[in-house]
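Novice: Chain B: place on chain A using the hints.
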Amino acid sequence: MTVTATPPSSGVTGKISNYLDERTSISGAVKEFGRKIFPDHWSFLLGEVALYSFVIILLSGSFLTFFFQASMASVQYDGSYVPLKGVEMSVAMSSTLDISFDLRGGLLLRQIHHWAALLFISAIGLHMLRVFFTGAFRKPRELNWSIGFVLFVLAMAEGFTGYSLPDDLLSGNGLRIIDGMIVGLPVVGTWISFLLFGGEFPGSDIIGRLYTLHILLLPLVVLAFIVLHLMFVIIHKHTQYPGPGRTEQNVVGYPVLPVYAAKAGGFFFLVFGVVVLIAATVTINPIWAYGPYDPSPVSAGTQPDWYIGFADGALRLMPPHLETYWFGYTWSWNIIIPVLLLLVFLAVVFAYPFFEAWVTGDKREHHVLDRPRNAPVRTAIGAAGVTFYAVLWAGAASDIIATHFKVTMEGVINTLQIMLILGPIFAFMIAKRVCLALQKKDREIVLHGFETGRIVRLPGGEFTEVHQQLDDYDRWQLVSFNDNAPIMVRPNARGKITGATRRRAAWSRFFFEDRIAPVTQTEYKQELEHSHH
Amino acid sequence: MAKIVKGSEKSDLVATSGERLTGKELGTAVVTADAFPNPGLPPHRQRVTDTNPRRLARAARIVAWLFYLSIAGSIFTIFAYMFFPIEGGDTTSIRLSTLYIGLGSAFALLAIGIAAVHWGKAVMADKEGVDERHPVRGTDETRARAVEIFKEADEESGFSRRTLIRNGMIGAFIAFPLPAIALFRGLAPMDEDPNNLMKHTFWKKGLRLTHDPTGVPIKASDLTIGSSVHVIPEGLLDLPEAQMLDQKAKAAVLVVRLKPEDLHWTSEQRKSWSYDGIVAYSKICTHVGCPVALYEQQTHHLLCPCHQSQFDISNECAVIFGPAARPLPQLPIAVDADGYLVALSDFDQPVGPSFWEREK
Numbered sequence: 001m002t003v004t005a006t007p008p009s010s011g012v013t014g015k016i017s018n019y020l021d022e023r024t025s026i027s028g029a030v031k032e033f034g035r036k037i038f039p040d041h042w043s044f045l046l047g048e049v050a051l052y053s054f055v056i057i058l059l060s061g062s063f064l065t066f067f068f069q070a071s072m073a074s075v076q077y078d079g080s081y082v083p084l085k086g087v088e089m090s091v092a093m094s095s096t097l098d099i100s101f102d103l104r105g106g107l108l109l110r111q112i113h114h115w116a117a118l119l120f121i122s123a124i125g126l127h128m129l130r131v132f133f134t135g136a137f138r139k140p141r142e143l144n145w146s147i148g149f150v151l152f153v154l155a156m157a158e159g160f161t162g163y164s165l166p167d168d169l170l171s172g173n174g175l176r177i178i179d180g181m182i183v184g185l186p187v188v189g190t191w192i193s194f195l196l197f198g199g200e201f202p203g204s205d206i207i208g209r210l211y212t213l214h215i216l217l218l219p220l221v222v223l224a225f226i227v228l229h230l231m232f233v234i235i236h237k238h239t240q241y242p243g244p245g246r247t248e249q250n251v252v253g254y255p256v257l258p259v260y261a262a263k264a265g266g267f268f269f270l271v272f273g274v275v276v277l278i279a280a281t282v283t284i285n286p287i288w289a290y291g292p293y294d295p296s297p298v299s300a301g302t303q304p305d306w307y308i309g310f311a312d313g314a315l316r317l318m319p320p321h322l323e324t325y326w327f328g329y330t331w332s333w334n335i336i337i338p339v340l341l342l343l344v345f346l347a348v349v350f351a352y353p354f355f356e357a358w359v360t361g362d363k364r365e366h367h368v369l370d371r372p373r374n375a376p377v378r379t380a381i382g383a384a385g386v387t388f389y390a391v392l393w394a395g396a397a398s399d400i401i402a403t404h405f406k407v408t409m410e411g412v413i414n415t416l417q418i419m420l421i422l423g424p425i426f427a428f429m430i431a432k433r434v435c436l437a438l439q440k441k442d443r444e445i446v447l448h449g450f451e452t453g454r455i456v457r458l459p460g461g462e463f464t465e466v467h468q469q470l471d472d473y474d475r476w477q478l479v480s481f482n483d484n485a486p487i488m489v490r491p492n493a494r495g496k497i498t499g500a501t502r503r504r505a506a507w508s509r510f511f512f513e514d515r516i517a518p519v520t521q522t523e524y525k526q527e528l529e530h531s532h533h
Numbered sequence: 534m535a536k537i538v539k540g541s542e543k544s545d546l547v548a549t550s551g552e553r554l555t556g557k558e559l560g561t562a563v564v565t566a567d568a569f570p571n572p573g574l575p576p577h578r579q580r581v582t583d584t585n586p587r588r589l590a591r592a593a594r595i596v597a598w599l600f601y602l603s604i605a606g607s608i609f610t611i612f613a614y615m616f617f618p619i620e621g622g623d624t625t626s627i628r629l630s631t632l633y634i635g636l637g638s639a640f641a642l643l644a645i646g647i648a649a650v651h652w653g654k655a656v657m658a659d660k661e662g663v664d665e666r667h668p669v670r671g672t673d674e675t676r677a678r679a680v681e682i683f684k685e686a687d688e689e690s691g692f693s694r695r696t697l698i699r700n701g702m703i704g705a706f707i708a709f710p711l712p713a714i715a716l717f718r719g720l721a722p723m724d725e726d727p728n729n730l731m732k733h734t735f736w737k738k739g740l741r742l743t744h745d746p747t748g749v750p751i752k753a754s755d756l757t758i759g760s761s762v763h764v765i766p767e768g769l770l771d772l773p774e775a776q777m778l779d780q781k782a783k784a785a786v787l788v789v790r791l792k793p794e795d796l797h798w799t800s801e802q803r804k805s806w807s808y809d810g811i812v813a814y815s816k817i818c819t820h821v822g823c824p825v826a827l828y829e830q831q832t833h834h835l836l837c838p839c840h841q842s843q844f845d846i847s848n849e850c851a852v853i854f855g856p857a858a859r860p861l862p863q864l865p866i867a868v869d870a871d872g873y874l875v876a877l878s879d880f881d882q883p884v885g886p887s888f889w890e891r892e893k
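Residue numbers (my numbering), protein chains in the order written: chain A, 1 to 533; chain B, 534 to 893.
It is possible that some hints are incorrect.
If you want a taste of the chain B side facing chain A, the calculated C-beta under 10 angstroms gives, among others [to be verified]: (1) 563; (2) 619; (3) 627; (4) 630; (5) 633; (6) 635; (7) 643; (8) 715; (9) 717; (10) 746; (11) 749; (12) 750; (13) 817; (14) 818; (15) 889.
FYI, nobody ran anything at the bench for these hints, they're computed from the structure. Glycine residues also receive a C-beta, built at the ideal position from the N, C-alpha and C atoms.
Chain A on its own, in the form it takes in the complex (with noise of 0.2 angstroms):
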């Protein structure tokens, strides 16, 4: 076979890149990807917040294997913080305290890599509230909900492995809870601990195993999950926002080359630029003010890092005496609960945009993103479901709660307890009161156009306000959304009436019971025809 290859350009990138095209065919690429078109939106960055802080973490954590050693062999401190000289603790504390007072950019590295997990985590939750409020998950997008699903519980668990490895006394404390929650759990809780720490509680072989799983088996899983999902990304197409212009078959934004490279890759630097400022202006984790682990003193206010705070709480909020004998065995309700407390919301996340598919059996595929106001029903079970998890995070600070309002302990407890329960309902019916207001009111303002300010004095005396009519790019932003209305419980082929159908007509209707139709062009006109009389 013969290939005529064109004349490679002159000059030194012409030659450059046909030296890489006639080995990796990489102009196909370029042409595919390279004028590919992305929309604009300030919460489209909250992923890149995530991806990016993930790269810092990369960087820093790289940086910090170098001189982190992490044994649970004891050694007297002999390092430059002189408070702890002489005192036995574990080669991971001690080459943490190395890296903080004796590398010279250590002590920044490490808070570096600290506060971009944080902002890690962080993000990703935020980004996850974006996709539910914007129903960005509706088909063909329900798998890379899952996969990003994935990676929140993931970043969870490299924080947690993270923040355990000094050895210090909080996290040895940390350790210490999530062993005592393990050997909890019915029949395998006892074995898993000791199969986990390697004999007894605390024993010497848990920082290097969690040093293991945090530095090479998590990070690998999570950097698999990152491709999965920006490839998923690009197949989908980015979703926009309804607009005028903007249609399900179309994408309005900028190409990624040049505008959409440059403001994404200058993203990257101001993310990082802001973590590092961070880190060089505020302490985070002092591990040296806590001291190495010893299981005996703990201090008051012990509290973990923000993103374990909501399972923290869940234990804190558990009534007294719940524990029962069955058969021999310890049941241990104080734990068990808990647990499956957050395995069932975690769940829940987790099936949302499935379960949303099955109510509304909507096959169509969805790239133009709901405003929340026009989903009312799913907003409101996302507020639900964010006061249900704020509840659970303030449980996490109940004594600081009561030592800084100067409030009984028990009465913040109680309070929390009432508050788990009641709260996410109060917050469901507000929500879904406040998107119903704000449709309506967007039908108002389309069917009477809005306030000008400008009063008119009639010839009878009357005054009256100006109302103007909108134009009609902005009245497309108030009209054009998603409507659905309840199915009715019809017979199936063989004429009968099938369980699930009656069970999704009645999810049905309390998705869609209450609702506001957008304005159609004849209820306009009719309008306007009325107005003009």
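Specialist: Here is chain B on its own, set in the frame of chain A:
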């Protein structure tokens, strides 16, 4: 297939005008033929830099300057590394080193970021583009070919026909990872049973109670009423460090002295485990194992700082608040001939968090 039905009468909120399309694809979605048409992209709005060449030149200058400033920031960072060394143990020098290296590199990074974004927003051509979307599913032709390929492969391999081979393969695939699970048994020592280990502590008859962490024995007469002492067993500190922590994680004890009449006992035996108002309780919380280290002298309550379980010392450390289910186990104590506090035995039950086989 779409068909036309009247607007739903379910809700008074629904507008009644217009006719609606529903169909299998749509599910609950309601699409009306009467909807407003999409007005198309609004007219392009020019930026200041598009209309004013001087503003464009200024923006380009700013972008260039920011890149050069970033270089300056990076060089500053290297100098900061050299000229702000860490002087052994001097916290100010650590703070300065961290601060200047951090500020320098943050400046260098932010300058690149602002420059690139400004370049993209103000200087680069402001050309919005529109890409067409295609359905994610493959075309019918592609899908038909995919099915065909699987069929051909099935025929050529005999995957569905040769059930013996197929089932054998599935079985082998299930079986081959199993040895890996067995291998993980080695994560914990082979010759030990966690149930035995968790049910015994370092305490035994005759061991003196000593101060944590000094290991100095405690005389009953040294304890005043209302005082509390953190205690470890005599000889614990002689263990190698690794074993010491394992043992301490179970043997840590809190000793408190109350007026004897403030202590309420459910049995004479439990009372005999105390000495003249001095009681010793396990410090490991029965919830998830944090040290119950906070003693409230006025109320005789012990508080766990991790999850706020509270135990009442005057009532055999019964749980009075929080997620814990069981009282803290009591260490039976007495006084030896020299007046030192000694243990009468190990705890009568496992200490710390509950576990499955605890009652076995």
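Novice: Report the numbers of all earlier hints that the structure fails to satisfy, in ascending order.
Specialist: 8, 11 and 12
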